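J.: Below are the chains, spelled out letter by letter.
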Amino acid sequence: MWDTLISYCSYALLLTGSFLSLTFAIGLLRFPDFYTRMHAAGVSDTLCAGLIVLGLVLQAGISLVTLKLLFILLFLWFTSPTASFALARAAHRAGYGVNEQQEASSSNS
Amino acid sequence: MILAVTAIALLVAMALTLARALLGPSIFDRILAVNTFGTKIVLFLGVYGFLTQRPDFLDIALVYALINFISTLAVLRFFESGQLVMPKDKE
Amino acid sequence: MKHSLLLTALLAIFWLALSGHYVAFTLILGALSIALVMWLNWKMHISDERVLPPLLLLRLPRYWMWLLLEIIKSNIHVAIKIWQPRLDIQPQFKKIPSPWKRDVTRVVHANSITLTPGTVTVTVDKDSFLVHSLTDETMQALESPEMKEQLEKLERFQ
Amino acid sequence: MVAIAVAVMRDLFAIVMLFGIYSLLTAGIFVSLDAVDVAFTEAAVGAGISTILILSTLALTSREEKKSTHSRFLPLLVVLVTGATLVYGTLDMPAFSDPQAPVHQHVAPRYLDQAQQETGVPNIVTAVLASYRSYDTMGEVTVIFTAGIAVMLLLSAFRHREDEAGNLNDLSHHPVLKYVARLMIPFILLFALYVQFHGDYGPGGGFQAGVIFAAGFILYGLVVGIDKTRSMFSDSVLRWLMASGLLLYIGVGVVTLLLGGEFLNYNVLAADQVKGQHWGIFLVELGVGITVTATMIAMFLAFSEVRRPE
Chain A
0 MWDTLISYCS YALLLTGSFL SLTFAIGLLR FPDFYTRMHA AGVSDTLCAG
50 LIVLGLVLQA GISLVTLKLL FILLFLWFTS PTASFALARA AHRAGYGVNE
100 QQEASSSNS
Chain B
0 MILAVTAIAL LVAMALTLAR ALLGPSIFDR ILAVNTFGTK IVLFLGVYGF
50 LTQRPDFLDI ALVYALINFI STLAVLRFFE SGQLVMPKDK E
Chain C
0 MKHSLLLTAL LAIFWLALSG HYVAFTLILG ALSIALVMWL NWKMHISDER
50 VLPPLLLLRL PRYWMWLLLE IIKSNIHVAI KIWQPRLDIQ PQFKKIPSPW
100 KRDVTRVVHA NSITLTPGTV TVTVDKDSFL VHSLTDETMQ ALESPEMKEQ
150 LEKLERFQ
Chain D
0 MVAIAVAVMR DLFAIVMLFG IYSLLTAGIF VSLDAVDVAF TEAAVGAGIS
50 TILILSTLAL TSREEKKSTH SRFLPLLVVL VTGATLVYGT LDMPAFSDPQ
100 APVHQHVAPR YLDQAQQETG VPNIVTAVLA SYRSYDTMGE VTVIFTAGIA
150 VMLLLSAFRH REDEAGNLND LSHHPVLKYV ARLMIPFILL FALYVQFHGD
200 YGPGGGFQAG VIFAAGFILY GLVVGIDKTR SMFSDSVLRW LMASGLLLYI
250 GVGVVTLLLG GEFLNYNVLA ADQVKGQHWG IFLVELGVGI TVTATMIAMF
300 LAFSEVRRPE
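Residue numbers (numbering that gives the first Met the number 0), protein chains in the order written: chain A, 0 to 108; chain B, 0 to 90; chain C, 0 to 157; chain D, 0 to 309.
These are calculated hints, taken from the structure and not from any lab test.
The structure displayed is predicted, hence computed values, not measured ones.
Virtual Cβ for every residue (Gly too), placed ideally from N, Cα, C.
It is possible that part of the hints are untrue.
[Stated by the list, open to error] Here chain A is said to cover these stretches of chain C; the calculated rule only asks that three of the stretch's residues, wherever they fall, bring their Cβ under 8 Å from a Cβ of chain A: (1) 3–9; (2) 16–23; (3) 84–96; (4) 115–121; (5) 125–136.
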């Protein structure tokens, strides 16, 4: 009883995670410019990664594999935003897309 | 079964990311795509490890989680300065 | 001193999690490896109290719980925006204040913004960040007093 | 497919990025072929180090590929002929995973069947590389050693010291990057050591560990500053490390000779054959790891300290 509940939970997490990963991949293709794509891509990997890893953790039960998975998740959560930030900063410093951005926001307001 | 679905979803997402990397248009889009691709590979390796019952793959996933970050930084650094090490600081 | 102990403990946990072979030989190798890393760390000044304040670790889990909720909320928000047939986004840059004294708090702040979908920290200055936001709503979430409160607690706890 | 795109594009920088993806994909293929060790190497080398080294080379040359002045016909012909030959060659190759293929008939069965009991090492790839094929591996280490020395010698002629410019660190102004990198480096280093010492059990071993270990220092160099890394690893230290790794390898061989065995036959290292194999492989892998680490750091430093030719 308990086992089936856990495995259903894990399936739910995995499916949501895969759905999110698809969603953001589509966002990556659909969004109009670099910064907006950035929101779709690197950033959202964090929750999708979290869901999938948690789903795997539930499958593994409590073991060393769990700990390893959690370490992977931790590293991803530390490095991924840092890399995104470095990327955004580099793009900004290169002056990429600044003008388009202002136009876009002024046309909206 | 669900694991296979997850793996396939990740593969499709990876293919879409690859499309972005090939389309560009700017260099940053490509770097972004490669970086995201790395994260997806980490997840895929994890799922695949479970699918084949071989937790060895988690080690490879860890390598990616650690190394991908370094290469992204190196690439950015190269792009910002044209050289891995700047002769002089801009700021 | 406290910091070295903490780092050693963390490294030991990491090693034990990785290894999975608990015989004398690998345990001794583990101890030697940790010693080598700690020696390099000391020699090259890689990590010190400012990087890993021991007290912060007590506070961080609670912060993470709060952050996790925020991340889930904005994930749903951004996912809806992606699936909407007509793109309804208001991309914008904005400067937001970040008056934190300690580097750790600023790093946590910057990375929290980036971790939350819909917002990305673009540049970090002395007392403010330049943030890019996907929609008006995600920007409002950033400027909420709640976030400031959480970070203040974090800063006090070091 | 990625390879085609790589060939088509002119912007070398974009090509480097795509190579990154290419190696990620290759690793994925190796994984699905169950060649975990190869995938591991590809992951460690392809994802990080090769990108960094190619980039440093690019930094020395220029970003855009030179427009070719030769006629395009000749290279095309050469490529076509080579390609045709290769395709012709593959026709003779046995079908994929055919058990009758010569590869599977020669030494492989013996390795697979007896590696476990003869060497006592659960990971067959490590057993094959470090024990049965230890001559070959020694040759490879020597090649790496020679390459490292050559790069150091060639590029040190062009080295410029950071005299007038002062600090060479750009990213160090970056609190976020610096912070996260400092947090990560100890774990990267420890992970490398884990890979080094657990090559017997899981995927891993000296080559991969050396690359990851070096990657930790490269991250340090990128974020904290090349000069700091250089002060830790001067040329003489690096040369000493490279040589000592190789010497450790050869030394194990000499010791086995002295103990009355053949060169690099580890059985004589301990009273028990399996124990002897274990120690032999351990020491040899350690030698490989040290040499690879030192060579990678040396290459990184040598490349990044060269002034770009104006």
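J.: For each hint, tell me whether it holds in the structure or not.
T.: Now for the hints, and whether the structure bears them out:
no.	hint	in the structure
1	3–9	violated (count 0)
2	16–23	holds (count 3)
3	84–96	holds (count 6)
4	115–121	holds (count 7)
5	125–136	holds (count 3)
In this structure, only the earlier hint numbered 1 is contradicted, and the remaining ones agree with it.
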